[in-house]
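Each chain, letter by letter, is given below.
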Amino acid sequence: MTNTILWTIVILTVLGLLLSLILFWVAKKFKVEEDPRIDEVEKVMPGANCGGCGFAGCRAFADAAVHAPNLDNNYCPVGGNEVMKKVADILGYQVTEKAPMVAVVRCNGSCQNRPVVNEYDGDMSCRVKAALYSGDTGCAFGCLGCGDCVNACQFGAISMNPETGLPVVDETKCTACGACAKACPKHVIEIRNAGTTPRNTRRVYVSCVNKDKGGVARKACTAACIGCGKCAKVCKFDAITIQDNLCYIDYAKCKACGQCVFECPTGAIHAVNFEPKKVEPKPVQPVEPVKKEAANE
Amino acid sequence: MEKYLVSPNPHIHANVSTSKLMLDVCIALMPAIIVSVLYYGWSELLILGVSVVSCVLFEWAIAKFLMKREGHFCLSAAVVTGLLLAMNLPSTISWWIVMIGALVAIGVAKMSFGGLGQNVFNPAIVGRVFLLISFPAQMTDWTVPAGFIQNVDAVSGSTLLGMFNEGGLAAVANVDYLKTLFLNIGGSAGEISALALLAGWVFLLVRKVIKPWITLSIFATVAIIATIFNLCAPELYTDAAFNLLTGGLILGACFMATDYVTSPMTTVGGIIFGVGIGFIVMMIRYFGSYPEGMSFAILIMNCCVPLLNKWFHQRKYGYGRA
Amino acid sequence: MNKLTFSIGGVHPNDNKRARECAIEVLPLPKTVYVSMAQHLGAPAKPIVAVGDFIKTGQVIAEPGGFISAFVHSPATGTVKSIAPRKDLAGNNVMHIEITVSEEEIWADGIDLSDTLVTEIPEDKAATLDKIKACGVVGLGGATFPTHVKLNPAPGSKAECLILNGAECEPYLTSDYRIMLERTKEIVVGAAIMQKVLGGCRCVIGIEENKPEAIEAMSKAVSELGYKDIKVQVLKKRYPQGGEKQLIDAVMKRQVKSGALPISVGAVVQNVATALAVYEAVQKNKPLITNTLTITGDCMPDNRQHNYLFRIGVPLSFIVDYAGGIPEQAAKMISGGPMMGRAIANLDAATVKGSSSVLFLSEGATRRKAESSCIRCGRCADACPMGLEPFLLHRLYKAGDVAELEKASAQDCIECGCCLYSCPANIPLLDRIRQAKGMALGAIKARAAAAKAAAEAAKAAAEAKK
Chain U
1 MTNTILWTIV ILTVLGLLLS LILFWVAKKF KVEEDPRIDE VEKVMPGANC
51 GGCGFAGCRA FADAAVHAPN LDNNYCPVGG NEVMKKVADI LGYQVTEKAP
101 MVAVVRCNGS CQNRPVVNEY DGDMSCRVKA ALYSGDTGCA FGCLGCGDCV
151 NACQFGAISM NPETGLPVVD ETKCTACGAC AKACPKHVIE IRNAGTTPRN
201 TRRVYVSCVN KDKGGVARKA CTAACIGCGK CAKVCKFDAI TIQDNLCYID
251 YAKCKACGQC VFECPTGAIH AVNFEPKKVE PKPVQPVEPV KKEAANE
Chain D
1001 MEKYLVSPNP HIHANVSTSK LMLDVCIALM PAIIVSVLYY GWSELLILGV
1051 SVVSCVLFEW AIAKFLMKRE GHFCLSAAVV TGLLLAMNLP STISWWIVMI
1101 GALVAIGVAK MSFGGLGQNV FNPAIVGRVF LLISFPAQMT DWTVPAGFIQ
1151 NVDAVSGSTL LGMFNEGGLA AVANVDYLKT LFLNIGGSAG EISALALLAG
1201 WVFLLVRKVI KPWITLSIFA TVAIIATIFN LCAPELYTDA AFNLLTGGLI
1251 LGACFMATDY VTSPMTTVGG IIFGVGIGFI VMMIRYFGSY PEGMSFAILI
1301 MNCCVPLLNK WFHQRKYGYG RA
Chain Z
2001 MNKLTFSIGG VHPNDNKRAR ECAIEVLPLP KTVYVSMAQH LGAPAKPIVA
2051 VGDFIKTGQV IAEPGGFISA FVHSPATGTV KSIAPRKDLA GNNVMHIEIT
2101 VSEEEIWADG IDLSDTLVTE IPEDKAATLD KIKACGVVGL GGATFPTHVK
2151 LNPAPGSKAE CLILNGAECE PYLTSDYRIM LERTKEIVVG AAIMQKVLGG
2201 CRCVIGIEEN KPEAIEAMSK AVSELGYKDI KVQVLKKRYP QGGEKQLIDA
2251 VMKRQVKSGA LPISVGAVVQ NVATALAVYE AVQKNKPLIT NTLTITGDCM
2301 PDNRQHNYLF RIGVPLSFIV DYAGGIPEQA AKMISGGPMM GRAIANLDAA
2351 TVKGSSSVLF LSEGATRRKA ESSCIRCGRC ADACPMGLEP FLLHRLYKAG
2401 DVAELEKASA QDCIECGCCL YSCPANIPLL DRIRQAKGMA LGAIKARAAA
2451 AKAAAEAAKA AAEAKK
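Residue numbers (the numbering used here), protein chains in the order written: chain U, 1 to 297; chain D, 1001 to 1322; chain Z, 2001 to 2466.
If you're looking for bench data, these hints aren't it; they were derived computationally from the structure. Check each hint, because a few of them may be wrong.
[What the hints assert, rightly or not] Cross-link-like lysine to any residue pairs, in silico, SDA-like; alpha carbons within 25 Å at most:
#1 Z:LYS2237 - D:ALA1014
#2 Z:LYS2237 - D:ARG1315
#3 D:LYS1003 - U:GLY258
#4 D:LYS1211 - Z:LYS2236
#5 Z:LYS2466 - Z:GLU2456
#6 U:LYS182 - Z:ASN2093
#7 U:LYS211 - U:THR172
#8 Z:LYS2407 - D:PRO1306
#9 D:LYS1208 - Z:GLU2209
#10 Z:LYS2398 - U:ALA56
#11 D:LYS1003 - Z:LYS2369
#12 D:LYS1003 - Z:GLY2325
#13 D:LYS1211 - Z:GLY2387
#14 D:LYS1208 - Z:ARG2376
#15 U:LYS213 - Z:PRO2085
#16 Z:LYS2398 - U:LYS211
#17 Z:LYS2081 - Z:SER2114
#18 D:LYS1064 - Z:ARG2376
#19 Z:LYS2284 - Z:LYS2466
#20 D:LYS1020 - Z:PHE2054
#21 D:LYS1316 - Z:ASN2016
Since we're looking at a predicted model, the values are computed, not measured.
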């Protein structure tokens, strides 16, 4: 009896020692030499592995950042300037500050503005729907409303508004990683600046992507851009261009003066974070509380 | 203008649904259930009722309160599990043991894996095996209760396989095979009548609910192994007919091994799955300490299903013949 | 005669050929027609008329926009009102030529409008092919692939068998059946012409067993006309019997390799309606401006089922109104069959060369039921005529695993719809597998492009060394 116990202990001890030796040897033999800074950089990354930087994940970004000669082409949109500063400190690089960005839904085709003409009965996926047909409204360009962007967002920053059937971006959560913009088959979502300067959060954008002629677009959706060009005329900064019956505001040039917002006959141009009284435009576009407007009603 | 539907093709659908398929399985089990109720009477009816009701109840409660998502509750699937579980239990068992079995079957074997379609093991078998290990005495008490039809032979307190396991070949020397085909007193509801079970299986085949390959490969393997052993040493091993007709083999082969979720999806995979079950069940019967091994055989082969699905694929168009 | 069928998968939907007894009627012309520039596979056609031009029926109004493209002819006499984007049946903008139809119809020169059957087959293959091309003939079985391209296989490949597809395996559709009954001899002559162009290969006309009248009529015409090596083959009723790859499997017992063309196994498949168009083009010089269309459905009253000979460019709404309007119980409108047709989102869309039906299905027949969990029954895999495993493709698509999708042959999906048709859990398998197919094809194309670029770079480097 005692013998059995003794033998068991001896055998197991020897076995344990032997195996630990093997493990030690394997660990030594197959050790991958890696720049220790990669681990350091990875530690300060947000760790969402969203791919917003253009790399497969945070570690891939860290690897690229360590091996790059400077940080000009590597920027983590999620961590923003703060994280990039930490990364620069670790690697001893200079970092150029970038203005904060945010995802913007450029469609205001709510159920009210854009009457639904048929009923979609397939898989609830924008990709599937876009491959099948133009969508269940008269507008062939706008939001399809199946929520591929909501599924693509890793930060819970996008949700569908059940009243309008449109996605709503929560500015406080949005990291501008661009996953939603990539997921949208209609290219309705754009990553734009969150304000004219990091301090000034006012911004202006065209909430429409319809390239149909004015009459056709208007018939499909009351909030459509009809490409009339009034905004371009009134803009003092040359920020507005009109192409294919659709105006576009270049956010690099826009000073968010808000003139175009007053001028737009259909209310397709949205102003965000303006003080409420200033934005009170035409009666077509009822006053919206700042927050809600940011969310693109 | 009125709104019309728009969807990708196809625009029509075959008239099948999960609940219809499960309903067909319930119907297929009916002949065996009726026979068992006739012979085992009220106690059998009580077990069936408790098992079905508790399975449905547990599935509903777990889907509703624990998983909190739509679409996890499938009434007819829970009923099938309940029926199969009851058919695997002796008719003398207490109702609260049945409820524990149902809880294990639904809660542990099915819902904890993610509900309908996600479970690795056949829920009813997991429930039965759990009870067999936890309540060995109650689970092997084959006393025949008073039924609606009195049978003169109904004195046996053990199953034929149990007799063989304990007393060797001599104990089962005088078995009339023809009789076991119709009536196999001493055993659970699912073991009572081979003919009734086969009738249900044929119904499923005719309705194209299942394909015959898994069942046939189990039968064939069992028959071949038993014949070989019986020819080599007839004084030690029972023959093919005895092994095919006794115990839960037919119930297992026709209704439990063919469960969609826990069986391979391709025909070749299914045949290998069946051969595996047949082999394991014979090994347990001949060499194991349990008299019956169908449940264990099916559970062991259930583990192999993901691998079988990975290894065996359909013949694709344009890859084989030029 | 023994009945043939394909070897893998397939389903048996109820055939519902309710309009089979309805003779083909000629549909009148509306006041305006809209001729799409994209009614064939490949590059859209380029308009060669200007707004205000007076055009005759059968006159060329657009020329091919690329190698795989086709001529488009005017279906009516009138003036060009506009050349502008217009919404097709899916609601997407496509260039259309709008023609205001005038009272009197004037046909373009050189078109034989008589009914006399011309049975001599022209000897000059090149001239015949040119005629087929000039008349804008495209495949009318669904894919609308330009016929002259298909009938002119690349050098090195030889056609052994011309398969004429008269299977019409889609439920409800009867247009092919009607033309096989009413234009029997023309179809056979068309087949003989194609046979000649392909260098005298054998020709098999495949017809499903549920059309015994068509089988009888076609067999009779074949023996009466006495062309060499044409025979009628009875096929089993099974969907998708009329799929190109399935038909080759059934008739020739050969399978086309993944990514290869049917000609690689010596097969050319053409629809019976295409054969008719070829006949009219070659023997009568008549361009493809008409086709036959079935208007039917489960909620369409029996007395309103029709088969129409329509001019391309006629708006669908005009046809529907002519047939008495949309039936009350209709929940979905489909252009094409119920298995592979496209839902109509815009009834104002114009008909195109490939339009074969307007189908009205009721709510009960067509609305999809709620998706539930996969129970791994494997019915989708049993049904798939390509031998794929839709449940696997579905799972891989959800995981976004393109490499595994390619290994599981997602790119071979023919989008027949058998998987979704037979799924008891109502999982929208095909909707998702179609996306998966796109992903797999994209990966294959990207790899091919990369390989090509690498080869070119290597070649350039080698030349630079010299």
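Hint numbers contradicted by this structure = When the structure is compared with the hints, numbers 3, 7, 16, 17, 19, 20 and 21 turn out to be violated.
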